[in-house]
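Chemist: Next come the chains, spelled out residue by residue.
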Amino acid sequence: MRHTLTVLVENTPGVLARVAGLFSRRGFNIDSLAVGRTDNPAVSRMTIVVEGDDQVLEQVNKQLHKLIDVIKINDITKDAYVDRELVMIKVYAEAATRSEIMQLVDIFRGRIVDVGRKTLTIEVTGDEGKIDAFENCLRPFGIKELVRTGKIAMLRGLKPGTKNNGYKEEDMV
Amino acid sequence: MEITAAEALIQCLEKEEVKIIFGCPGGAILPVYDALYGSSIKHVLVRHEQGAAHAADGYARVTGKVGVCIATSGPGATNLVTGIANAYMDSVPMVVITGQVATTQVGTDAFQEVDITGITIPVTKHNYLVKDPRQLPMIVKKAFHIASTGRPGPVLIDLPRDIASRKIKFKYPKNFALPGYKPTYKGHPSMVQQAARVIMKSERPVIYAGGGVRISGASQELLKLAETISAPVTHTLMGLGCFPGDHPLFLGMLGLHGTRYANLAVTGCDCLIAVGARFDDRVVSKISGFAPTARVIHIDIDPAEIGKNVRTHLPIVGDVKTVLEALLPLLDKKDNAAWFERIEQLKLENPLVYKQERQDVLKPQFVIEKLNQYKPCDAIVVTDVGQHQMWAAQYMRFKEPRCFLSSGGLGAMGFCLPAAVGAGLGAPGRTVILVAGDGGFQMTIQELATAAEQNLPLKIFIINNRKLGMVRQLQEYYHDKRYIAVDFRFNLDFAALGRMYGMEGYTVETPEQLMELLPGILASPVPVMVNCIVSGDENVLPMVLAGTNIDEAVDK
Ligand SMILES: Cc1ncc(C[n+]2csc(CCOP(=O)(O)OP(=O)(O)O)c2C)c(N)n1
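Here the protein sequences come in this chain order: A and B.
For reference, each letter of the first sequence is one residue, going 1 to 173 in the working numbering.
For reference, each letter of the second sequence is one residue, going 1 to 556 in the working numbering.
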């Protein structure tokens, strides 16, 4: 089963290497990992999608916790959450297909961010399913380049334990 | 007043009450060595950095304090890695300081640059690359805290040369924040209560004690637990010494080369109480056959160890001593008379034995058995890795923890001599006995010079089978006796070698020769090297073959 973890980490130089290394070293299967800093510049937040049964996930959780830089881990898979991914697709667009592509962009509420002589570059955000669907729709036209951010996620409403600042900012050195 | 970061580092070590550090200098670490000039901290110059790490490790194992070692960038740092990994696997508190090329050169493949923080991520509890000299005191403070608390382990600090020379205002911090590091010491009360109920209901309990008992200083509590509920105690390699070896409830080691009665007791028990142990594959062998009828209670400070290898019915995360202190008052005295009798019978029926066919042949087991009999009661025994190590674990008995040092998790040949140097310096006045194979001893043999310089009266017993004995045994069992790369054709005269390093050197080839010398050697104030020429094709038995249950160990 696929699990979505949100992980708060100290924003230190080695932290990404530590987390990524742990997954490969222990043979955990990572689907995607997205990371960026939070409203607290000393803290980064990772969204990690990982594949495994309950026992594997328990180990993922515990091993992550052993990293000194990891502050908090939440497995939000079973909770109500919003998730988004952003994709940019550069697709071949001849005069004959351009309008059809633009219609698709409209339907998926995407945006055209660059227009080339023979290509359009399109940006779409959404959950994984939507992005997959969009990619499938464009495939017949010929995709030249595609880049996805990996999923980021957040619990709905005000649930405790998901805020970044379980501790004070001046604590951070 | 402003001082250099290097000077600040030394002052931090002094504040942490570091008395001794082990290392070898080089270009990138020069400012730190310069700051060491005139310091109260004693520096022990090793002959290879692996020796520095193992010595710091041995020092830490004997004293319970944080061991400190230091090396230069590049090759100095990489030479430390085996020693760091060893400390990591056996949960030894250690702070490692490495020099690094100047920050302006980092990332350019500069002379003697290696990414030592990158290399050691998997084998340290944590590590730091110092990028701002003002952060150094805080980093040192955190490093000592992380290394010595929770499940201990090595922490590395990589200090670029230019940073080390920069001036800072020095103040050693009192407080620090580690928001992601909060070890659990107290066991969950309801779990402890449930454990007490399970234990009281059990009729055939066994305690399985590991290195965590020593680390948390819980030997007294363990003894009380065992005696209260009349549970026999088996131990891991790391747990040897945590429970008195002369106690009627003592079962000896379990697992791959464990005693048959320990393995049978675990297989037959209805309640297995694991304290500070981690169900290593060398202990468990085939998972489905391990303690198949037991309710498993697992007490450990590291939550990641619980449920990792074996299913646990009752996990208790916490410091072993703290948890046992909470558990003991909830238990009533019970005697499990039938079980105790059964254990006694198992011990009688399955003693540890070896054959002494001829009187003129020296058996390795005999050497170790006699060493055990004749060693002073506060002696420290340090082993290397291989057959001799397993025999030592089988035949050596201790009344107290921290007397038996061995490389467990990593099984690193070469551990013995440098670890003994650290142990000798950590416990002056105590007899330090080394039991080493002729193979492993040669991996760090250069530290004989360090031992000589430090005037350590080490008693070194080379169990010389002229072979890589343990590997020979594996080839016998698993590869149809197709022996390859296990015989030493060059006959090294260890006694003469010892004499070259200023030791007394002896060669013994028969039981009689050994027994003539042994009492005198162990009482002697000088360092002694004994080359014990033992029979070459002994096997460590019993042995649990790969993929079988621990109660199916073979005897030949
Ligand atoms: C650094 C290292 N290299 C290789 C091994 C694999 N190994 C395990 S035991 C052993 C043989 C040890 O021989 P010796 O030191 O003579 O001791 P004996 O087994 O003969 O008692 C070897 C090569 C190891 N444990 N550590």
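Worth double-checking, as some hints may not be accurate.
What the hints assert, rightly or not - Derived pair list, reagent style EDC-like, types lysine to aspartate or glutamate, alpha-carbon separation capped at 16 Å:
hint: 1; chain 1: B; residue 1: K65; chain 2: B; residue 2: E14
hint: 2; chain 1: B; residue 1: K333; chain 2: B; residue 2: E221
hint: 3; chain 1: A; residue 1: K66; chain 2: B; residue 2: D302
hint: 4; chain 1: A; residue 1: K90; chain 2: A; residue 2: D132
hint: 5; chain 1: B; residue 1: K375; chain 2: B; residue 2: E227
hint: 6; chain 1: B; residue 1: K174; chain 2: B; residue 2: E16
hint: 7; chain 1: B; residue 1: K65; chain 2: B; residue 2: E16
hint: 8; chain 1: A; residue 1: K90; chain 2: A; residue 2: E135
hint: 9; chain 1: B; residue 1: K308; chain 2: A; residue 2: D132
hint: 10; chain 1: B; residue 1: K308; chain 2: A; residue 2: D114
hint: 11; chain 1: A; residue 1: K151; chain 2: A; residue 2: D75
hint: 12; chain 1: B; residue 1: K375; chain 2: B; residue 2: E400
hint: 13; chain 1: B; residue 1: K333; chain 2: B; residue 2: E400
hint: 14; chain 1: A; residue 1: K66; chain 2: A; residue 2: E135
hint: 15; chain 1: B; residue 1: K42; chain 2: B; residue 2: E2
hint: 16; chain 1: A; residue 1: K62; chain 2: B; residue 2: D302
hint: 17; chain 1: B; residue 1: K182; chain 2: A; residue 2: E10
hint: 18; chain 1: B; residue 1: K308; chain 2: A; residue 2: D54
Just so you know, the hints here were simulated from the structure itself, not pulled from any lab data.
Chemist: Evaluate each hint against the coordinates.
Modeler: Quick rundown of the hints versus the structure:
1. B:K65 x B:E14: 14 Å, holds
2. B:K333 x B:E221: 14 Å, holds
3. A:K66 x B:D302: 8 Å, holds
4. A:K90 x A:D132: 15 Å, holds
5. B:K375 x B:E227: Roughly 27 Å separates the two Cα atoms, so the pair is violated.
6. B:K174 x B:E16: Holds, because 11 Å separates the two Cα atoms, which is no more than 16 Å.
7. B:K65 x B:E16: 10 Å, holds
8. A:K90 x A:E135: 11 Å, holds
9. B:K308 x A:D132: 36 Å, violated
10. B:K308 x A:D114: 51 Å, violated
11. A:K151 x A:D75: Given that 16 Å is the threshold and the Cα spacing comes to 14 Å, the pair holds.
12. B:K375 x B:E400: Holds. B:K375 to B:E400 sits at ~14 Å (cutoff 16 Å).
13. B:K333 x B:E400: Judged against 16 Å, a Cα distance of about 24 Å means the pair is violated.
14. A:K66 x A:E135: Roughly 38 Å separates the two Cα atoms, so the pair is violated.
15. B:K42 x B:E2: Answer violated: B:K42 to B:E2 is near 24 Å, above 16 Å.
16. A:K62 x B:D302: Distance ~9 Å between A:K62 and B:D302 Cα, so the pair holds.
17. B:K182 x A:E10: Holds: B:K182 and A:E10 sit about 14 Å apart, inside 16 Å.
18. B:K308 x A:D54: Holds, because 12 Å separates the two Cα atoms, which is no more than 16 Å.
Going through the hint list in order, the structure does not satisfy hints 5, 9, 10, 13, 14, 15.
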